[in-house]
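Novice: If you want the building blocks of each chain, they are given just below.
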Amino acid sequence: MAKKATLALAIGIMLAAAYAVFAAKGWQWKAALFPLAIGIPLFFLAAIEVAWAFAAKEAAEEPVPNSALPWAWMIGFLALIVLLGFPIAVAVFVFVYLKVQGKEGWLFSIVLTAAVWGAFYGLFDMMLHLPFPAGWLLEWLGLAA
Amino acid sequence: MLEALWEGLLLVLQWKAFGFMLLGIGLGFWVGLLPGLGGATTLALMLPFIYTMQPVEAFAFLLGMHAVVATTGDITSVLFGLPGEATSAATVVDGYAMTKKGEAGRALGAALASSLVGAIVGAVALAAAIPVVRPLVLTFGSPELFMLAIVGLAFIASLSGEGARGMVRGFIAAGLGLLLATVGQDPQAGVARFTFDTLYLWQGLDLVPVLVGIFAIPEIIDLFVRGNSIAGNAPPGKVAKGAWEGVKDTYRHFWLTIRCSLIGTFIGIMPGLGGSVAQWMAYGHAAQSAKTPEERKQFGQGDVRGVLGPGAANNSKEGGSLIPTVAFGVPGSTSMAILLGGFLLLGLVPGPDMLTKHVAVTYSMVWTIVIANVITVAVCFLFLDRLASITEVKGHRLIPVILVLVFIGSYTSNSHYADLLVTLVFGGVGYLMVRAGWARAPFVLGLVLGKIAENYLYISTARYEAAWLARPVVMVLIAVAIAVVVYPFFQTRWRKRHG
Numbered sequence: 001m002a003k004k005a006t007l008a009l010a011i012g013i014m015l016a017a018a019y020a021v022f023a024a025k026g027w028q029w030k031a032a033l034f035p036l037a038i039g040i041p042l043f044f045l046a047a048i049e050v051a052w053a054f055a056a057k058e059a060a061e062e063p064v065p066n067s068a069l070p071w072a073w074m075i076g077f078l079a080l081i082v083l084l085g086f087p088i089a090v091a092v093f094v095f096v097y098l099k100v101q102g103k104e105g106w107l108f109s110i111v112l113t114a115a116v117w118g119a120f121y122g123l124f125d126m127m128l129h130l131p132f133p134a135g136w137l138l139e140w141l142g143l144a145a
Numbered sequence: 001m002l003e004a005l006w007e008g009l010l011l012v013l014q015w016k017a018f019g020f021m022l023l024g025i026g027l028g029f030w031v032g033l034l035p036g037l038g039g040a041t042t043l044a045l046m047l048p049f050i051y052t053m054q055p056v057e058a059f060a061f062l063l064g065m066h067a068v069v070a071t072t073g074d075i076t077s078v079l080f081g082l083p084g085e086a087t088s089a090a091t092v093v094d095g096y097a098m099t100k101k102g103e104a105g106r107a108l109g110a111a112l113a114s115s116l117v118g119a120i121v122g123a124v125a126l127a128a129a130i131p132v133v134r135p136l137v138l139t140f141g142s143p144e145l146f147m148l149a150i151v152g153l154a155f156i157a158s159l160s161g162e163g164a165r166g167m168v169r170g171f172i173a174a175g176l177g178l179l180l181a182t183v184g185q186d187p188q189a190g191v192a193r194f195t196f197d198t199l200y201l202w203q204g205l206d207l208v209p210v211l212v213g214i215f216a217i218p219e220i221i222d223l224f225v226r227g228n229s230i231a232g233n234a235p236p237g238k239v240a241k242g243a244w245e246g247v248k249d250t251y252r253h254f255w256l257t258i259r260c261s262l263i264g265t266f267i268g269i270m271p272g273l274g275g276s277v278a279q280w281m282a283y284g285h286a287a288q289s290a291k292t293p294e295e296r297k298q299f300g301q302g303d304v305r306g307v308l309g310p311g312a313a314n315n316s317k318e319g320g321s322l323i324p325t326v327a328f329g330v331p332g333s334t335s336m337a338i339l340l341g342g343f344l345l346l347g348l349v350p351g352p353d354m355l356t357k358h359v360a361v362t363y364s365m366v367w368t369i370v371i372a373n374v375i376t377v378a379v380c381f382l383f384l385d386r387l388a389s390i391t392e393v394k395g396h397r398l399i400p401v402i403l404v405l406v407f408i409g410s411y412t413s414n415s416h417y418a419d420l421l422v423t424l425v426f427g428g429v430g431y432l433m434v435r436a437g438w439a440r441a442p443f444v445l446g447l448v449l450g451k452i453a454e455n456y457l458y459i460s461t462a463r464y465e466a467a468w469l470a471r472p473v474v475m476v477l478i479a480v481a482i483a484v485v486v487y488p489f490f491q492t493r494w495r496k497r498h499g
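If you're matching them up, the sequences are chains A and B in order. Note that the working numbering has the first sequence beginning at 1, numbered continuously upward. Note that the working numbering has the second sequence beginning at 1, numbered continuously upward.
Just to be clear, a hint being listed does not mean it is correct.
Unchecked claim - Cross-link-like lysine-lysine pairs, in silico, DSSO-like; alpha carbons within 27 Å at most:
no., chain 1, residue 1, chain 2, residue 2
1, B, K394, B, K101
2, B, K357, B, K16
3, B, K394, B, K291
4, B, K297, A, K57
5, B, K291, B, K248
6, B, K451, A, K30
7, A, K103, B, K394
8, A, K4, A, K57
9, B, K297, B, K496
10, A, K99, B, K394
11, A, K57, A, K3
12, B, K496, A, K57
13, B, K291, B, K496
14, B, K297, A, K4
15, B, K101, B, K291
16, A, K3, B, K101
17, B, K248, B, K297
18, B, K357, B, K101
19, A, K25, B, K451
20, A, K3, B, K451
To be verified - Which residues of chain A face chain B? A partial, calculated answer using Cβ under 10 Å:
no., residue
21, V96
22, Q101
23, T113
Calculated from the structure, these hints are not laboratory results. Ideal Cβ positions, reconstructed from N, Cα and C, are used throughout, including at glycine.
With the hints as constraints, model all of the structure from the sequences given.
Specialist: The following block contains the structure:
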């Protein structure tokens, strides 16, 4: 995994640096100076790292646990926030995570969800009046306050 | 001077000023703990409340609040790997690694004790430096400030990996950070760079969502797949103990703590470099203090010196950045710019008057920094063991709470859903970097320094063309940058030759 991760990073950075140099060529020198000064050496350094990664024989690595599930939970939480808005998404996510992933009891899940939601609402909404818009789904259904 | 110092102390200890300071400390305590709620934002929010206050009361309130934000920001960094403040990110690297080894109490003790030492050093520097700082600030023009940024990057990049390959990776990470700092509207020509026709990217990548993503997301994934608590399989009872061990560590490495405090003060004095830079410079210095390559490998794995350095620099920079703010009306950071607004609201004009007519008010600021930090550290120590015990809570109970903090912290920086996407994207980059064994510090320092470095490079080139490279301080700083890069190779060679 270390070799694959290194290759993914180094190739990604090589491509990003190449794009940066290519895009900067069309700008005035004031705007292009810094991206060119950074992008050109960065491209070559990343190319060296790619060559190094291909050439190096790495020792047998420990198996890497599958990280798909935590990514799925995080992307799901992001989707909930966008669709339902923060106030509803926080309560739904915390409760569902505790019940489904944590396999916690009903009482514990409800109490912790209420505590997290209360802290979130009391601090960020009531005290600091931070703007948390209703989610896209609620707006689409005409349920946004 | 002593008389004015004494008068300043008496002013702060007046019941009304002291009461406002306690109120400020209470607010700053929570602002520091909660990710995303920045110290500068809170200062701006509190500014309207000082209209009716006397200058000493207003500064006791504002500075009391601001002085403790960095101290409590370290607590979230150590316990959850989630930077409470952008200025607490460097503490994550070794602080959270110590927590995973079951040494949360020790890491917190070290962070708090070094914060206190740093705050005192910064305050002493503020008291002592005001009359002599003018020539130092005037020596550093744009070329010198640009080179200072390069020295900082060289420091971190050269120390972030073993051997030539580690150094190349360090420079790649730093370069990526610098390149990403150019996203957004260019300040010189107004060109929209790498914005892909999206309005969100016009103002550039905000530091908070990137930092939260790159540090917190990989740790959340790690906690998820391990399936146990943050402290893992550390022996029961060990986690909560050790706060005093952390305090002792501060005195075991006392001179390192003092040196890092001085680095923080110096960076604070330099206008425009900012607090996020000070912590990484101090981290780089702490890593360089390792005597052998084996010792250096411990950095990032939970070396207490990696906590002491940033902890000290974070707090000492406050005193440092107050120096140009008070003496010349030139704010060293965003927070100081807002504080400058406070000066003007109260009818005070920074400059010579603050060193003559209002010198007692100036010294009351020195005392506020010291007293606010002493109170915060004392209060934290009362709850330290309980705070450290959080790391023994099962991971599946903590993860939803941490994720709520991660997403709210990111969202509050711009109140834009795209902040959440940026957090996840950089969470992916951070995850790959952890898996590949690349250090994240150079990337973050590159991102922090990018805009500053570009601005100074442009001014230097436009003003002096290539002649800025021949300025004496610039030449010294170039030599320092080269020495920093080649030093590890010479050190290894020398050790091989001498067995």
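Novice: Would you mind marking each hint as holding or not holding in the structure?
Specialist: For each hint, the structure was consulted:
For the hint pairing K394/B with K101/B, the CA-to-CA distance comes to about 15 Å; that is within 27 Å, so the pair holds. For the hint linking K357/B to K16/B, the alpha-carbon distance of about 22 Å falls within 27 Å, and the restraint holds. With a C-alpha separation of about 38 Å, the suggested pairing of K394/B with K291/B is violated against the 27 Å cut-off. Taken as a hint, the K297/B and K57/A pair is honoured in the structure, with Cα atoms around 21 Å apart against an allowance of 27 Å.
As the CA atoms of K291/B and K248/B are separated by approximately 21 Å, the hinted pair is consistent with the 27 Å bound. Taken as a hint, the K451/B and K30/A pair is honoured in the structure, with Cα atoms around 13 Å apart against an allowance of 27 Å. With a CA separation close to 12 Å, the supplied pair K103/A and K394/B stays within the 27 Å bound. Using a Cα cut-off of 27 Å, the hinted pair K4/A and K57/A holds, with the two alpha carbons roughly 13 Å apart.
Proximity of K297/B to K496/B is assessed by CA-CA distance (about 17 Å); at most 27 Å being required, the pair is judged to hold. At roughly 14 Å between alpha-carbon atoms, K99/A and K394/B fall within 27 Å of each other, so this suggested pair holds. For the hint pairing K57/A with K3/A, the CA-to-CA distance comes to about 9 Å; that is within 27 Å, so the pair holds. Distance check on the hinted pair: K496/B and K57/A sit about 25 Å apart at the alpha-carbon level, within 27 Å; holds.
Under the criterion of a C-alpha separation no larger than 27 Å, the hint pairing K291/B with K496/B is consistent with the structure, at around 14 Å. Distance restraint check for K297/B and K4/A: the Cα-Cα separation of roughly 23 Å lies within the 27 Å cut-off, and the hinted pair is therefore satisfied. A C-alpha spacing of about 23 Å is found between K101/B and K291/B, which places the hinted pair at or below 27 Å, so the restraint holds. Distance hint between K3/A and K101/B is fulfilled; the C-alpha atoms sit about 26 Å from each other, no more than 27 Å.
At most 27 Å may separate the alpha-carbon atoms for a hinted pair to count; K248/B and K297/B meet this at roughly 23 Å. Restraint check for K357/B and K101/B: not satisfied, since their Cα atoms lie roughly 54 Å apart, outside the 27 Å limit. The hinted pair formed by K25/A and K451/B meets the criterion: a straight-line CA distance of about 20 Å does not exceed 27 Å. Between K3/A and K451/B the alpha-carbon distance is near 32 Å, which puts this suggested pair outside the 27 Å criterion.
Hint status for V96/A relative to chain B: holds, with the closest Cβ pair at about 9 Å, below 10 Å. Below 10 Å, beta-carbon pairs count as interface contacts, and Q101/A has one with chain B at about 6 Å; its hint therefore holds. A hinted interface residue such as T113/A counts as satisfied when its beta carbon comes closer than 10 Å to some beta carbon of chain B; here the least separation is about 9 Å, so the hint holds.
Comparing the model with each numbered hint stated earlier shows that hints 3, 18 and 20 do not hold.
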